[in-house]
Amino acid sequence: MADVFYSILCVFGLAFYGIFLGLVFSGVDRMVVARMQSRIGPPLFQPFFDVLKLLNKQDMLPANAVPGIFRMAPVVALAAAVTLLFYLPLGGIGAPVLEGRGDAILALYLLLIPGLAMVIGGFAGGSPYAAIGAQREMVTMISYELPLATVILTFAWKLASLGVAQPFSLGVMAAQPIWGYVGLLGSLGVVILFFVMLLVTPGELGRIPFDSPEAETELAGGILVEYSGRSLALFQLAMAVKTVAMGALMVTLFLPWNVSGWIALPAPVGAVADFLFFLVKVGFLLFFSVSVLRAAMARLRISDVVTGYWKWIGSAAVVGLLLILLDAKG
Amino acid sequence: MSRSITPYQTSIGPTHPAFKEPIQLVFDLCGETILKANFAPGQAHRGVEWMGTRRNPVQVLYLAERLCGICGITHSLAFARAVEQIAGIQVPPRAHYIRSIACELERIHSHLLWAGVAAHELGFDSLFYLTWRARERVMDLMEAFTGNRVHYALIQIGGVRRDLSEDMILKIKETLDYYAGVYDELRTCLLEDSSVRLRCRDVGILTATEALELCAVGPTARASGVPSDIRRDHPYAAYADVEVTSVLPNQYTGEIRGDVYDRIVVRVLELQQSVKLIRGFLDQLPEGDLLAIPKIMVLLAKLKKAEGEAVGLHEAPRGEVAHYVRMGGAETIAAWKVKASSYSNYMSWVPMLVGEQVADIPIIAASIDPCISCTDRVMLTGGGRNEVWTKEDLTRLSVAKTRRIQAKLKAEG
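Taken in order, these protein sequences are the chains called A and B.
This note's numbering applies: residue 1 is where the first sequence begins, and numbers increase by one.
This note's numbering applies: residue 331 is where the second sequence begins, and numbers increase by one.
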């Protein structure tokens, strides 16, 4: 009974944590990008005000929408994004709720669900703009899955070849930083995969240059054009949680070190230090993959997104994989 | 692909984030590809010409300036030139120079504004902020010179209303130095950036033949290799005293493709050209009067007696602007017809858009720098009618109206 109670507490705690952190990161992103564009930008907590305002706004149902699906899509998106958090290691404390129950493949699937929910919601909205946006979102998802899957598989293969039990487990990946098992050539491969992951993240999160499904100036918000009020707020929260999840995934794969691994600290202080260090790492990665890229590029056409992800980023991922293979053989 | 796919229709506008003003573009789409494009203007008509025919020419200047939100010189100068021709007023040389300087400053601000809008259409907001920050300098200068950031109220029939003091000339020179300084940065960001190139190269092509057939004007025509420029072809104000060459994209890239990228090239090069032209005007700035007829009552009395018709031309930042004015010895003007530059450029949208992707619609639409409220001169009202009026229909209607007027005149004796 106490276990169930603890789990329920953790579920709500993690949902709150994911939402809070995601919105804070979104606020940081907006501030940082504003500075890069020599603007003052909104205050740090602007995303919170935006969501609060949306929650108070009327939730419009378009005349030719499919009501049930249209209303369900944002809920599913947020639920999937929060579920993802239960499996991902959070700094030194591991995954508090479902540790060891799901692996990296499950995480890949869960990462897809918010996007799929947006696609279904977009089609259910009955607007031609949303339909074009939904088609683009599907194509984008298909495009970035190839490099993303290559990255995850490379890690699992490396761990399996070392004879580690449960190589697909995220906890194992976090506990065994890949950098320690590869030589010079392999390190180069990991660096390439790291950049691939940094470029997959904005696609996963639908940010410029990969935001063609929303494309404000073309589709007036595209996939989300018919959403308003509470439903739109839920999608925004799902995106915020997904931001945290993507950051956590990147940290798990590439920067899993902890402060307590270097300096001897008493247990509670160590855990706090690890967690803060984890946040810093997530923020650092998001800064490069979301903020800098967003400030430095124009929106890509959907055809360029496909070419980019399959041809360039996809082949980079394969090169990284081959380098790690060669390294293991040599 | 052998399967036949039914195209679907969708429209962008009349209100859409890609447009700063209301206009509707209608498309037949197959997936992301545009099969057919059409447009429906007429949502921003305000009846300005009708209002103009109820005012005296000096009051119309005020209206003409407000045809457009940002072209503070364009319409008032074209209108003033038409009236000056009818009334036979000789503009003093210094006024000609000040007019030309203001025209070129306006071109700088208009092209920078356009560059920012284009960057925003591409989703490149950093570039949008960069260009608009650079634009602030010329806006500040115009405010110091005329008292307003837009709608300068500078042009008067027979001259200009404000003189350039020594201080102001210094300020203009400082601003020109600033633009000469940031030119390389702007050029690099707009023309060398790989994501801009990726989005704009070979997109929205308008061939030279199409540009000629569709009577494209200004940067839109020049980017396709048609070297038309009113400043060069029919020099006015002080443009005959300096050397004006048509800016063509091959001066930068070595070739003419007539795509969106070439239209950016033309506008960026024109920034440099404007700076050079203003420096030339300032060097040669003659002394003398600002107005042919300084007293407004005398001017109005002269205009009241003027009879005839004329067309005032001006090379606006977007291309040729023409104002047709007829005066019939009355206090008010008898007729006034405005042809804005975008009116000539709208049609080039169709060949540019067909075959392109949905994602390219905003940047192609923006690439001609459309000014919709400048252009909208006609709107169909009453009875909810919304149909295409052919040339025959319009001829029939105008013949009927002429008959009506003739009958009315006969009745009045």
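Calculated from the structure, these hints are not laboratory results.
In this text, a Cβ means the ideal position worked out from N, Cα and C, and glycines have one as well.
Treat the hints with caution; some may be incorrect.
Here are a few chain B residues that sit away from chain A, every Cβ distance over 12 angstroms (derived from the structure) [said to hold, decoys possible]:
id, residue
1, Ser341
2, Phe458
3, Glu496
4, Arg527
5, Tyr582
6, Gly659
7, Ala660
8, Glu686
9, Gln687
10, Asp723
11, Lys731
Using C-beta positions, here's what the derived DEER-type ranges look like [said to hold, decoys possible]:
id, chain 1, residue 1, chain 2, residue 2, range
12, A, Asn64, B, Gly584, 48 to 54 angstroms
13, B, Asp493, A, Leu44, 47 to 53 angstroms
14, A, Phe16, B, Tyr338, 41 to 47 angstroms
15, B, Asp493, A, Lys53, 48 to 54 angstroms
16, A, Cys10, B, Val684, 53 to 59 angstroms
17, A, Asn64, B, Val729, 43 to 49 angstroms
18, B, Tyr338, A, Gln46, 36 to 42 angstroms
19, B, Thr383, A, Lys53, 32 to 38 angstroms
20, A, Val164, B, Gly584, 56 to 62 angstroms
21, B, Asn478, A, Ala149, 57 to 63 angstroms
22, B, Asn580, A, Leu326, 44 to 50 angstroms
23, A, Leu44, B, Cys545, 50 to 56 angstroms
24, B, Tyr338, A, Leu44, 41 to 47 angstroms
Hints, one by one, checked against the model:
1. Residue-level check failed: Ser341(B) sits 9 angstroms from the nearest beta carbon of chain A, not beyond 12 angstroms.
2. Look at Phe458(B): its CB is around 8 angstroms from the nearest CB on chain A, not clear of 12 angstroms, so calling it non-interface is violated.
3. Glu496(B), annotated as away from the interface, keeps every beta carbon of chain A farther than 12 angstroms; the closest lies near 33 angstroms.
4. Interface exclusion of Arg527(B) from chain A breaks down, the closest Cβ pair being 10 angstroms apart, not more than 12 angstroms.
5. Annotated as non-interface, Tyr582(B) keeps its C-beta farther than 12 angstroms from every C-beta of chain A; the closest such distance is 20 angstroms.
6. At roughly 51 angstroms from the closest C-beta of chain A, the C-beta of Gly659(B) stays outside 12 angstroms, upholding its exclusion from the interface.
7. The Cβ of Ala660(B) lies farther than 12 angstroms from every Cβ of chain A, with a closest approach of about 48 angstroms, so its non-interface assignment holds.
8. Annotated as non-interface, Glu686(B) brings its C-beta within 12 angstroms of a C-beta of chain A; the closest such distance is 10 angstroms.
9. Against chain A, the non-interface label of Gln687(B) is violated: not every CB pair exceeds 12 angstroms, the least being about 6 angstroms.
10. Separation of Asp723(B) from chain A is adequate, the least Cβ-Cβ distance of about 32 angstroms exceeding the 12 angstroms criterion.
11. Taking the minimum C-beta to C-beta distance to chain A, about 41 angstroms, the non-interface status of Lys731(B) holds against the 12 angstroms cut.
12. Range check, Asn64(A) to Gly584(B): Cβ separation about 52 angstroms, and the 48 to 54 angstroms hint holds.
13. Our hint of 47 to 53 angstroms for Asp493(B) and Leu44(A) holds, since their Cβ atoms are close to 51 angstroms apart.
14. In this structure the hint that Phe16(A) and Tyr338(B) lie 41 to 47 angstroms apart at CB holds, the actual value being about 43 angstroms.
15. Evaluation of the 48 to 54 angstroms hint for Asp493(B) and Lys53(A) yields a pass: the beta carbon distance comes to about 52 angstroms.
16. The beta-carbon spacing between Cys10(A) and Val684(B), approximately 57 angstroms, falls within the hinted interval of 53 to 59 angstroms.
17. A beta carbon spacing of about 46 angstroms between Asn64(A) and Val729(B) agrees with the range 43 to 49 angstroms that was offered as a hint.
18. The beta-carbon spacing between Tyr338(B) and Gln46(A), approximately 38 angstroms, falls within the hinted interval of 36 to 42 angstroms.
19. For the hinted restraint 32 to 38 angstroms between Thr383(B) and Lys53(A), the CB-CB distance of approximately 48 angstroms leaves it violated.
20. In this structure the supplied range 56 to 62 angstroms holds for Val164(A) paired with Gly584(B), their Cβ-Cβ distance being about 58 angstroms.
21. The hinted range of 57 to 63 angstroms is satisfied by Asn478(B) and Ala149(A), whose Cβ atoms lie roughly 59 angstroms apart.
22. Between Asn580(B) and Leu326(A) the beta carbon distance is about 48 angstroms. The supplied range of 44 to 50 angstroms therefore holds.
23. Leu44(A) and Cys545(B) have their C-beta atoms about 53 angstroms apart, which keeps the hinted 50 to 56 angstroms range intact.
24. Roughly 44 angstroms separates the CB atoms of Tyr338(B) and Leu44(A), a value that falls within the hinted 41 to 47 angstroms.
Hint violations for this structure: numbers 1, 2, 4, 8, 9 and 19, all remaining hints satisfied.
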